[in-house]
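Given chain R's structure and the hints, the job is docking chain D onto it.
Those protein sequences? They're chains R and D, same order as listed.
Here the first sequence is numbered in my numbering, starting from 1 and rising by one per residue.
Here the second sequence is numbered in my numbering, starting from 1 and rising by one per residue.
A few of these clues could be false.
[What the hints assert, rightly or not] Label pairs and their in silico Cβ distance ranges:
(1) ARG490(R) / ARG178(D): 43 to 49 Å
(2) LEU376(R) / ARG178(D): 57 to 63 Å
(3) GLU316(D) / PHE590(R): 35 to 41 Å
(4) ASN68(D) / TYR506(R): 55 to 61 Å
(5) THR7(D) / PHE590(R): 32 to 38 Å
(6) GLU119(D) / GLY397(R): 54 to 60 Å
[To be verified] Which chain R residues stay away from chain D? Per the calculated CB distances, all over 10 Å, these:
(7) ASN136
(8) MET486
(9) SER536
(10) PRO572
(11) TRP580
(12) ILE593
(13) PRO596
(14) TRP612
(15) ALA631
(16) TYR640
The hints are simulated quantities; they were obtained by calculation from the structure and are not laboratory data.
Heads up, the beta-carbon is just placed ideally off N, CA and C, and yes, glycines get one too.
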Amino acid sequence: MKALATLLWLPVAALLIAGGFLVVAWSQGSADGQTYQARRAATIARAVAWVDVQEAMRIDDAGKGQTQRFVEAVAKTVPGVEEALIVKGVNYKAHSDPARAGQRLDVESLEAKALYDDARRLKANVDKNADERAKNPDLAYDPYPEVELRPVPGGLQALAVGEDAGKYIGTARITASPAPYRFDLPWLIVFLALGLSAIWLGIGGRIPAKPRIGVGVAALVGLVIAGSAILPGWRNDLRRAQAAGDAATLAALDEAGLLAAQAPAWDEEDWEDLEDDEKAEETARITANGLIPYLDRGLNGALEGRLVKVQVANEGDATRLEPPTGAPPGTLLFSAEGRSVYFSGEAFDAAVVEDEAGVRLWGIGFGIVGLLIFLLGELGQLQRASRAAYKHRGAYGYLSPAMIGMLILVFVPVVYGVVLGFTQRTYNITEFAGLANYIEILADTDVGDPNNFYFKLGVTLMWTILNVGLHVGIGLFLALMLNDQMLKARGIYRVILIVPWAIPNYITALIWKGMFNKQFGAVNAFIEMMGGESLSWFQSFWPAFSTNLITNTWLGFPFMMVVCLGALQSIPTDLYEAAWVDGANRWQRFRQITLPLLMPALVPAVIVGAVWTFNMFNIIYLVSGGAPNGATDILITDAYRWAFERDRYGYAAAYSTIIFLILLGFTLLTNRITGATKGAFE
Amino acid sequence: MASVTLTDVSKRFGDNTVVKNVFLEIADGEFVVLVGPSGCGKSTTLRMIAGLEDITSGQLKIGERVVNDLTPRDRDVAMVFQSYALYPHMTVYDNISFGLRLRKMPKPEIDQRVRDAAEKLGLTELLDRKPKAMSGGQRQRVAMGRAIVRQPAVFLFDEPLSNLDAKLRVQMRAEIARMHRREGVTTVYVTHDQIEAMTLADRIVVMNFGVVQQVGAPLELYREPANVFVAGFIGSPSMNFFDVDLSTTGGTPTISGKGVAAVEVPQRFRPHLGDKTQLVLGVRPEHLGEVSESPHITARVDMLEPLGSEVHALGEVDDQSIVASLEPDTRVRIGGNVGLRMDLDEIHLFDRETGVALGRQTHQGGAA
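Next up, chain R with everything else stripped away, as it sits in the complex (with noise of 0.2 Å):
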């Protein structure tokens, strides 16, 4: 029965393996769908724009009506299309309802409205990208502009900006239901474990204790390596469905553009009589007007550089399953409805190889943990951990309420902040990026720059030290004053020296930010006043950390003199007599006595105060802000900017779990070293 007991580690080990493997496909999966579902939207927004802006700049009349067209075609030819319309000011310009076409908005109606804000937000986007271009020429024009993606109930709505050169021309607005997509979990990897659990069950009894730990690691070393071997196949499987789900979005774009692009002569009954290489001649014409060239071109920027070529091919055409001349090795032909989208083999194989990094680096993850699992199971560990949960659960019955207010409260969020640091934001969907946040921050070495991570904690860490400093060196000074029984009226000053910490920090922080102003703030008042010359003590690096710094320590003080008096009051008096009596003078008496006494209190405090300062998000945000260009921000408010500010929520996460390791860090290794967390008279 115990050796049952002990066989079944390996079982427990591989299925977390397995499942680790099977967590990951399934939040690629997730996020390759959410991808594909945005890239679909913006692709069809963006396609609906540029067919107005090409209607917009002919000048002759030969595309006369061909986005309301097409609009309609969309919503007809696009799966899942529910709504196509293009809005210019108060007007639909395009409706795919073509009953509201070239009707003004119901600006009374909140839909309505909410459309025309985020049609003259994009407006604005525009008119203020050109006026930049206008002022400063080296800026580049990009081509593809920024697409809007936002879910709606039962779908997305994509806006995407119509522009010609900076002059704007429309904002086209799709809302579709999700394309059909699937995915199946690589089960293999889980069918492996099991096999491998049932041979290890059947025979693992059998081989002699000492080896059967080897036996194991290697069993499930090799599951780590086969579910690192099978999880990029499987990736590579949904990526070809999804370029197979491309290429039906664009043929179905393209079908509509050839509805669209037809002359008016053109109603839809004749055009379905027309022989296919009548059809064919049309398009030829149609093509020169230019959508597919669109197609072609314009959505390289929609599909990541993977689209090599849209290209009609006719039925019968020998030559449409093949690549197209000029196009790399390895391009992959997808056809829909007689239209041939080529795709890149190399982009493929590019990806292919990205992931299988990804996927070898969390295999070494989940082995590592499966391994521990394994030999602490081996070894006995959980076992004896969970004999003692049992024996002690009616302690852990009292502690519960506590714990799970603990789970929700804390842990959950610090989960959940660590897992967003492995996300980040495309098209506005949130989507797994694995340790690409983590590779940007600390990667960049460009130390002088303000905004560079270890720039940020080189300032941090000289922020705390010269605090920390200052705090407990003032507050053992005013509580080796205020402790002097000699002194007259101790309570007074105990209570003035307490109140800068009992005042709201935030208004000392603001209070002191007004008095460092350069114009009206009491400092440079004083400084004049003394003869001295007013300061812009925000406009340089040392002046702003100064201010921040003087703000902080104003704050800071009165916690370590409150510690240091609570200790001071705990040290026997005897101690000081023995100590005089031993032939201490004053100083020896501080030295030998007050000091090794004080410190079980003060190192806490400081490890705590350390921590605090480290993470003082409140004074340098409203005092320096970060004056000047961010170069006094330190770690904390720096990822508040890139959360808050520049809406990475990802990589803010990133940053707060690096800022979090480095605490961790510290507070361990002071722990071991001043044993912090020990009795005061141990």
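Just chain D now, with coordinates in the frame of chain R:
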């Protein structure tokens, strides 16, 4: 080593005089115990000798030096505190050597002295421990070791045994006595425990309300207490007191009082009677004997405390409590009556007004 001389020393905290006009000469090498109830000024006197309290008036000399204005570190005294006052962050070795290190003594000599002291006190095994990891008795020894290594002129002990349990206290008492014999250093020892005082002291100083009541060798205090306070304080169980009135019947002075049958005043008191009529009769429990006929005192027994070698009978006589030390085979039972006879050679008579023992008109060391 040195003598200690207190000349008219007083200590006031504000309006509160806690030590009044103490005259005391402690000879070189003498072991003097200051004893008295809580708040009697004994600790303050000791702390004044140590230099931890200022002297309000008077003069304090250690050896030939007037030390009134010297800080403790310059007085060459060593002190053992009630709480031991061991430095919690230092090992035993560091605790003991602390004073020597402060005096910048060469390392080898420090080591030698610490090891000698540890040897004497049985601390050699414990030198690397911290105070927290030691028992009360061990800490007490460390505190003594810290005093010994200094080889000071005067040892000061402030109730050093009061934090120990009874058995350890007996043991450590012997240890302190041994140490004093061995080192021969002038020692001033404060305690509220008269047994410690009796067993350790060459001379005892009994204090009450900041005033020295009597100074003398232990047996002298027991046999010839100077006043009611000393008589009641020294001796265990303490002396029984009865208010008595003096009358002269047929030329023989006789005392009698509530619950006490008339007794002729022993010859030795007669010259000192003067015109006093109101006296206090004091008789120690061990000087009361059980008799079946013509007792001096008949007491109702409330409680019996058999100690093996004797039985303490606690009883009542006319609303006054009384303790008698009886033979172990006594037939007396709780609730019964017992007839007691005083050993008239051992009774004490005090002036009821002043509390002073008859035959001793003044206190030694100062007036009340």
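Checking a non-interface call: every C-beta of chain D should be farther than 10 Å from the C-beta of TRP580(R). Is that right? Per Cβ check, TRP580(R) is inside 10 Å of chain D; nearest 5 Å; violated.
Kindly confirm whether 54 to 60 Å is satisfied by the beta carbon distance between GLU119(D) and GLY397(R). For GLY397(R) against GLU119(D), whose Cβ atoms are near 55 Å apart, the range 54 to 60 Å holds.
Range hint 43 to 49 Å: satisfied by the CB atoms of ARG490(R) and ARG178(D)? Roughly 47 Å apart at Cβ, these two residues keep to the hinted range, so it holds.
Cβ separation check - ILE593(R) to all of chain D, threshold 10 Å: At roughly 7 Å from the nearest Cβ of chain D, ILE593(R) sits no farther out than 10 Å, so the non-interface label is violated.
Run the C-beta distances from SER536(R) to all of chain D and say if the shortest one exceeds 10 Å. Fine: 50 Å to the nearest Cβ keeps SER536(R) off the interface.
Starting from the hint 55 to 61 Å, judge whether the C-beta atoms of ASN68(D) and TYR506(R) obey it. 58 Å, holds
Against chain D, does ASN136(R) hold up as non-interface, every C-beta pair farther apart than 10 Å? Correct as stated: the minimum Cβ-Cβ distance to chain D is 67 Å, above 10 Å.
Confirm or reject the statement that PRO572(R) sits farther than 10 Å, beta carbon to beta carbon, from all of chain D. About 7 Å separates PRO572(R) from the closest Cβ of chain D, which leaves it inside 10 Å; violated.
In terms of Cβ atoms, is chain D entirely out of 10 Å range of ALA631(R)? 43 Å, holds
Given as non-interface: TRP612(R), partner chain D, CB spacing beyond 10 Å: At roughly 27 Å from the nearest Cβ of chain D, TRP612(R) sits farther out than 10 Å, so the non-interface label holds.
Is it true that THR7(D) and PHE590(R) lie within 32 to 38 Å of each other by Cβ? Given a distance of about 35 Å, which is inside 32 to 38 Å, the answer is holds.
Taking the closest pair, is the beta carbon of MET486(R) still more than 10 Å from chain D? 13 Å, holds
Checked against the numbered hints listed earlier, the structure breaks hints 3, 10, 11, 12, 13; every other hint is satisfied.
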